[in-house]
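Now for the letters of each chain:
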Amino acid sequence: MDPVQALTTSIGEYSVATLGEEHLRALRVVMDPRTMQAQMLIELADNSDQAQRDALKEIFEVESVFADEAVLSYRFVEELDDVPALLGQAPRFSYA
Amino acid sequence: MNDGAAIKTAKGCLERAVSIKTTAERLWNAGDEWFAVCYFYAAYQTVKAAFIEDPVFDNLGQLQSINKFLILNDRFATRHHGYVSNGSRVMGVNDIVKAVYPQIAVEYVRLHMASIAVRYGTGLGVIAPESVVRDYETVIGAYQRGELRV
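Protein sequences, first through last, are from chains A and B. Numbers 54 to 149, taken from the working numbering, label the letters of the first sequence in order. Numbers 206 to 355, taken from the working numbering, label the letters of the second sequence in order.
Keep in mind that the hints were calculated from the coordinates and are not lab data. There's no promise every hint is true.
Only some residues are given here: those of chain B computed to face chain A with a beta carbon under 8 Å [unchecked claim]: (1) Ala210; (2) Ser293; (3) Arg294; (4) Ala310; (5) Arg315; (6) Met318; (7) Pro334.
A few chain A positions that, by computed beta-carbon distances, are all more than 12 Å from chain B [claimed, not checked]: (8) Gly73; (9) Met89; (10) Gln90; (11) Ser101; (12) Gln105; (13) Gln142.
Quantities reported herein were computed from a predicted structural model and do not represent experimental measurements. Glycine included, each C-beta is placed from N, C-alpha and C at the ideal position.
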């Protein structure tokens, strides 16, 4: 597997495990291999303020693990399917 | 971001923060969700004032005991996100807040997310407008109480 794709998959899998499948409806990670910036889109099962705050604390943990390999940016979305997938051929991870 | 335009004094950052907050309140009262962008930048200028005032940024050993990627010049960081380079990381303001002031990290990062959602996305979406104000108040309250100091 391409190493950047492998890293993207690792970030995605670790994120799902850290956030907990029970708290997630969907999660997508798309990596820009030029900058190693990963955009993470997160559809939470519960989008209350408190659930978002709890999720952010977990994402900070994910960031710290991959701090010297990638930069994460993240966004909570209502429906992940409504968000166009950017960077057509970019390394990506999807959970749903 | 243009580093040359960055404010280098705590007083200057705070004056800018107050001015931006005034605009945020005006936009909030007008029902314009760009209020979120202004609240974020008011918080940004406030944490930058905290960096400038915090003596931890005079002590490399103390900084790197907090996070190995921190350096003295992070006191004047301007970019929001960091970047990776040759197995290391150049810290952005978001990274520095998470490392040095973890007590406000969630609120600060949520403010940045709200700003991005308004500036680049379709609006606040799943971020409740009232929560943006609460997040701002948490960040500013911590500064005003002198808690943004290691």
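Identify whether the interface hint at Met318/B stands, where standing means a beta carbon of chain A within less than 8 Å of its own.
With a minimum Cβ separation of about 6 Å from chain A (threshold 8 Å), the hint on Met318/B holds.
No chain B beta carbon within 12 Å of Gln142/A's:
21 Å, holds
How about Pro334/B: closest beta carbon in chain A under 8 Å, or not?
11 Å, violated
Just double-check Gly73/A for me: nearest Cβ-Cβ distance to chain B has to come out over 12 Å.
17 Å, holds
Is the interface hint satisfied for Ser293/B? The criterion is a beta-carbon contact with chain A at less than 8 Å.
For Ser293/B, the interface hint holds, since the closest Cβ of chain A sits about 6 Å away, which is under 8 Å.
Verdict on Gln105/A as a residue remote from chain B, using beta-carbon distances over 12 Å
7 Å, violated
Nearest-CB test (12 Å) between chain B and Met89/A
Label violated. Min Cβ-Cβ 5 Å, cutoff 12 Å.
Given hint Arg294/B near chain A, where the shortest CB pair must fall under 8 Å
OK, holds: Arg294/B within 8 Å of chain A, min 5 Å.
Going by Cβ atoms only, is Ala310/B closer than 8 Å to chain A?
Constraint on Ala310/B satisfied, holds at 7 Å.
Quick one: work out the minimum CB distance from Ser101/A to chain B and report holds if it exceeds 12 Å, violated otherwise.
9 Å, violated
Against chain B, does Gln90/A hold up as non-interface, every C-beta pair farther apart than 12 Å?
Non-interface label fails for Gln90/A: nearest chain B Cβ at 7 Å, not farther than 12 Å.
Do the numbers back the hint for Arg315/B, that is, is its least Cβ distance to chain A under 8 Å?
Interface hint status for Arg315/B: holds (7 Å vs cutoff 8 Å).
Comparing the model with each numbered hint stated earlier shows that hints 1, 7, 9, 10, 11, 12 do not hold.
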